[in-house]
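K.L.:
For reference, the chains in residue letters:
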Amino acid sequence: MNSDRFALSFDDYLAEKNVLLYLNDAVTQLLEHKEEYTQFGVVRYFAEYFNSVKNGNHVLFREFNYIKASPHNRASFIRIFWRCFRQIGKNGDLLAAMEYSSLLQLLCPDFPTEMVQNAARIVLIDDALDSMMSFSDFLYSFQIQFYFEEFLESVSVIYQDLLSGKSPNTVIVPTSSSVEQLNSVAEDETKAQEAVESAIFAECIEALCERLKHNHPSPSTVREILANSQRVSFYGFLMAMTKSEEINQDIGALPNKSELLIDPEMDLELERLIAQISVSPTSNSSGSTTGLKELPKKASPRKSLHHRKRIEMESDGSTEETDSSEN
Amino acid sequence: MADKRRSGVSTVMSDSKATTKAETDQEFLSQAGVGVLLRGALLKLVEARSEDPIGFLAEHFSNIASETENGPVGGSDGEHHSNVLEQQQLSRALWHIGLAHHSHRSAFNSNTRVAYDLLMQSGSRRHVAGGVKGRVYTELLRGLCSEGGLSVTASAPLLLRIRCHDHEAVPFELFRQGVLTCAVFADYIRKSQCLYAAVSSCPERAADRSLCQAVLGTLQEALETTSPWSDVARYLEASMKISPGKLAQAMAEAQGPDGGGMGPTMDAQEFEDSAAKLFLTRVRIVS
Chain W
1 MNSDRFALSF
11 DDYLAEKNVL
21 LYLNDAVTQL
31 LEHKEEYTQF
41 GVVRYFAEYF
51 NSVKNGNHVL
61 FREFNYIKAS
71 PHNRASFIRI
81 FWRCFRQIGK
91 NGDLLAAMEY
101 SSLLQLLCPD
111 FPTEMVQNAA
121 RIVLIDDALD
131 SMMSFSDFLY
141 SFQIQFYFEE
151 FLESVSVIYQ
161 DLLSGKSPNT
171 VIVPTSSSVE
181 QLNSVAEDET
191 KAQEAVESAI
201 FAECIEALCE
211 RLKHNHPSPS
221 TVREILANSQ
231 RVSFYGFLMA
241 MTKSEEINQD
251 IGALPNKSEL
261 LIDPEMDLEL
271 ERLIAQISVS
281 PTSNSSGSTT
291 GLKELPKKAS
301 PRKSLHHRKR
311 IEMESDGSTE
321 ETDSSEN
Chain L
1 MADKRRSGVS
11 TVMSDSKATT
21 KAETDQEFLS
31 QAGVGVLLRG
41 ALLKLVEARS
51 EDPIGFLAEH
61 FSNIASETEN
71 GPVGGSDGEH
81 HSNVLEQQQL
91 SRALWHIGLA
101 HHSHRSAFNS
111 NTRVAYDLLM
121 QSGSRRHVAG
131 GVKGRVYTEL
141 LRGLCSEGGL
151 SVTASAPLLL
161 RIRCHDHEAV
171 PFELFRQGVL
181 TCAVFADYIR
191 KSQCLYAAVS
201 SCPERAADRS
211 LCQAVLGTLQ
221 EALETTSPWS
231 DVARYLEASM
241 KISPGKLAQA
251 MAEAQGPDGG
261 GMGPTMDAQE
271 FEDSAAKLFL
281 TRVRIVS
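First to last, the sequence lines map onto chains W and L.
Taking full-length UniProt numbering, the leading residue of the first sequence gets 1, the next gets one more, and so forth.
Taking full-length UniProt numbering, the leading residue of the second sequence gets 1, the next gets one more, and so forth.
Since the hints were derived computationally from the structure, they do not count as laboratory data.
Ideal placement from N, C-alpha and C gives every residue a C-beta, glycine not left out.
Treat the hints with care, since some could be wrong.
As the list claims (entries may be wrong) - Pair ranges (Cβ atoms, derived):
| hint | chain 1 | residue 1 | chain 2 | residue 2 | range |
| --- | --- | --- | --- | --- | --- |
| 1 | L | Val84 | W | Glu265 | 53 to 61 Å |
| 2 | W | Glu149 | L | Gln87 | 57 to 65 Å |
| 3 | W | Glu149 | L | Thr265 | 29 to 37 Å |
| 4 | L | Gln177 | W | Ala227 | 39 to 47 Å |
| 5 | L | Ser110 | W | Glu271 | 52 to 60 Å |
| 6 | W | Leu20 | L | Ser106 | 22 to 30 Å |
| 7 | L | Asp117 | W | Gly41 | 16 to 24 Å |
| 8 | L | Lys246 | W | Leu20 | 43 to 51 Å |
Looking at chain L on its own, in the form it has when it is part of the complex (with noise of 0.2 Å):
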């Protein structure tokens, strides 16, 4: 569309235009609000710092785009409507948590809260008080899921502990932490498989089962521990168990002395699979 319009452009280059003056270009763009859009375009940016700005920019003003177009709508042209309005809201949402890593906490949380707002007005008058619609929020979290890598399976048994049902009312801090669950779910998943690739020394061989076993205890004992001091002490103690040294120990017991042969093995989704089910039980049921 774009291309289109532009394809006259580079034959009358700016001859015809060359009466306009600068005062009235400067108060053209002030009028159109270009200053205030490019500026808070960059702004998102040094937030952001993609890794591919132009597409960052692409982005973000077709949201702004749409957004404005769409309006403040209602439900008003009947259900089919809400419906896509409904996908662009929860796609738009997406894009703004993903803006963050989660480990860049106050940035994700404020994206967060952005999407949180977003979805608030979807559903537009029918809106449920005190929070995003439940459907709403596990639909999102879904979305989370899979854009984080995870196949449906994978993603279910997360999503059966911290979805909410459909006709309840989602407060902001339960939103924030189940999209943060999600998050880190879909990290903790992507680390367990490079782990796997760890463990089996070469990529066509399924890993030796002994030594899964033990690096699942590892991380087993690693994410049980508790401590009665304060979280700070947990976690260090906690990486100081799934250490690299600690690892290769409990690795090398696991071997035995005889090196290893052509023991049991165990393939790369059974090992995912154990690995889910340690984060797993550490999720609080929500509903």
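Chain W with its partners taken away, still in its complex shape (with noise of 0.2 Å):
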């Protein structure tokens, strides 16, 4: 039994575990929209907002800032994209960064896609960003950039500083001469290698970890990244982060990379629907009707996600173009 949290003080508690942010938005939700919320009870539908915030279904088609908003929106929002479109990774289809996006966007419309770029810069090393990527590749590059946003732009700065031969901001890093010497010896060869000294930046980070408090990943990881060569690039750090499967488990939204595709109820799913489909082709609606009578415990927005998936698949081979476009 973790007795810390009776140390804080009760706002302390709150804030760390987000409740505020969560009453606020339900309160506001609330008052937005009123008449539906009401009809079943103003208590009923707080029951209702907590559980399906406990769940991890409360991101569902919100607005960015809300998504961004705590961790745990954050590792939901994961998630559920993981959730929605793994089929596309069983398929093996490769998308190119514009079309994750439009795939966000399906869940978030206001997803912006300064973020997939930045996944996709993770994935494909800065380099050819139109290309095309694999969704496992994709996701967890995606998860490590969504999750720890803040974190990143920082370890950019440090970096950058590196090697430029500046000595990274003194603010994080207070200490020593010695940092700057091995710095100054460090300049030389880092124009030419486009690399900096592990140590020196896992220094870095590990006092920047510090002053972040929270969402960063763990330093013990970092540094155990980071010891594996002498040398490393920033993008060769972000590769190493989404291949690490103990930064995977601490957030906790994503099963390792061997089990990410396996899905027997979805399959099963699926198998019903379209043999449905091509028992009645024209009754389309209808097969997903009893489909929902068959398994109530469904939530209706996943399945209709699920809908809206199965025609994007289709027209993404006949048509790419419009494709990205419609979306």
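Quick one: dock chain against chain with the hints and give me the complex.
P.N.:
Next up, the structure:
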């Protein structure tokens, strides 16, 4: 039993767990949709709201600002993205960044393209950015980019500083002449090889982690990653992060890569749907309602998404251009 | 369900509702009792400081919602309905009791009181005067034991001792002590499992029998401590008797000078059973 939370003041405790964020949002949503939400009673509404936050379904179709507002929201969104679209990975389709961006915008209409491009940079090591990527490559990179956005931004600044031979932000590394010394040694080589000394980089990142307090990978994992080689490039480091099972587990949104595409439930459902469609190609919609009745536990948004996805996938094969512009 | 209702949210942002005045919002909130509701939830949260506040709030609101939705219903819909109701009430009572660890005694006691009052209402009009029905009480204790991670076989002897007959009415004090005993017993069994793990040096091999007996002996001695003066003195003496130093001494004596070889062993279940027996002999039989 972890009793740390008793040591915090109540305000800190609430802040740490983002309780007020959710209470605020619950009330805001309630006010915006009074008629809709109060027909079952306000208490039931709050119960449903917090249950959906707990289950991680609360970020579906919400605005980007909300989706990124807490680590739990980010992890939930990553998980939803995976669950909705893993069939793409299963089919082995390769998609370009713009297409992944469209998929994300199905779940979150104002999802910024920039975030997707940054994720693609990690997969493609900042080169040939319009190349096609596999679903799993993109997903793990997207996870790192989205979940650790602020951390990565700071790391990028540190990296650029190290690269240009500047001693990294003195606020970040208050220590020592030794760093600067090492730095100046490293300086000559770095420019040629586009990489920095892993040891110094690790030291700076560790200081950064201390400063950020929240939402960064565990310093020990970072150290492990950086201990693998003497010198490391920025995208080399990010790539290693996407491959780190510890980081993946810490975020807790996705299974490991070998289990990523296993989804017997969805397979079964798909088979059933396809069977229904092939039996009566005209009554597509009635087929889906019977599907709903058979599986009453399924949340309906997922169901509808699933249909949208199918449509998307179909058009994907024939006319790729219209597909990406449509969304 | 919530997701479904929210599905239109993000696309239709507040444009159409921009006319809504802040005042009417205020009015609406106070009319719907949102402030009171949230204040109550936060108070509960202050008390419990749950590890998972979101899950806590979800359950809290669900509880209130089902309480108000079911309302002060009777068993009018027949036997089946009242059974379902009783199950709901039981799980809600369990939830209230689980809010605070029994070492936070005053919070634990007040939660137990809430659970008791809740169960008093169950069974509605047919309720026994003077307390919770014996059957409900026994059922609750069973639930507590299984929530505490006890197997049915482990909890059965305890329940035999502290259960009541189905038709009896259980007064609060007995109810509280029964609940407390179950909570403490579940903790005690968990601790004794830790103790066994500590005695057996590696997890794959069973622990040395003589060592286990030495540990159990020390435990027994501590539990059987009596003091002519006061409870406090007794607690102190008992905790002295089970201090690490005493335990180490007993274990060293049991192991003997040869450093312990491949003697007879004792498996975890037997150890747990013996430890449980020590506890159980000290529980008075209720009925």
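K.L.:
Hint by hint, note whether the structure agrees.
P.N.:
Here is what the structure says about each hint:
1. L:Val84 to W:Glu265: 53 to 61 Å: 29 Å, violated
2. W:Glu149 to L:Gln87: 57 to 65 Å: Between W:Glu149 and L:Gln87, where Cβ atoms are some 46 Å apart, the hint is violated.
3. W:Glu149 to L:Thr265: 29 to 37 Å: 55 Å, violated
4. L:Gln177 to W:Ala227: 39 to 47 Å: 57 Å, violated
5. L:Ser110 to W:Glu271: 52 to 60 Å: Holds: the Cβ-Cβ distance is about 54 Å, inside 52 to 60 Å.
6. W:Leu20 to L:Ser106: 22 to 30 Å: Given range 22 to 30 Å: holds, Cβ gap about 28 Å.
7. L:Asp117 to W:Gly41: 16 to 24 Å: 23 Å, holds
8. L:Lys246 to W:Leu20: 43 to 51 Å: At roughly 49 Å between Cβ atoms, W:Leu20 and L:Lys246 fall inside 43 to 51 Å, so the hint holds.
Hints 1, 2, 3, 4 from the earlier list are contradicted by this structure; the remaining hints agree with it.
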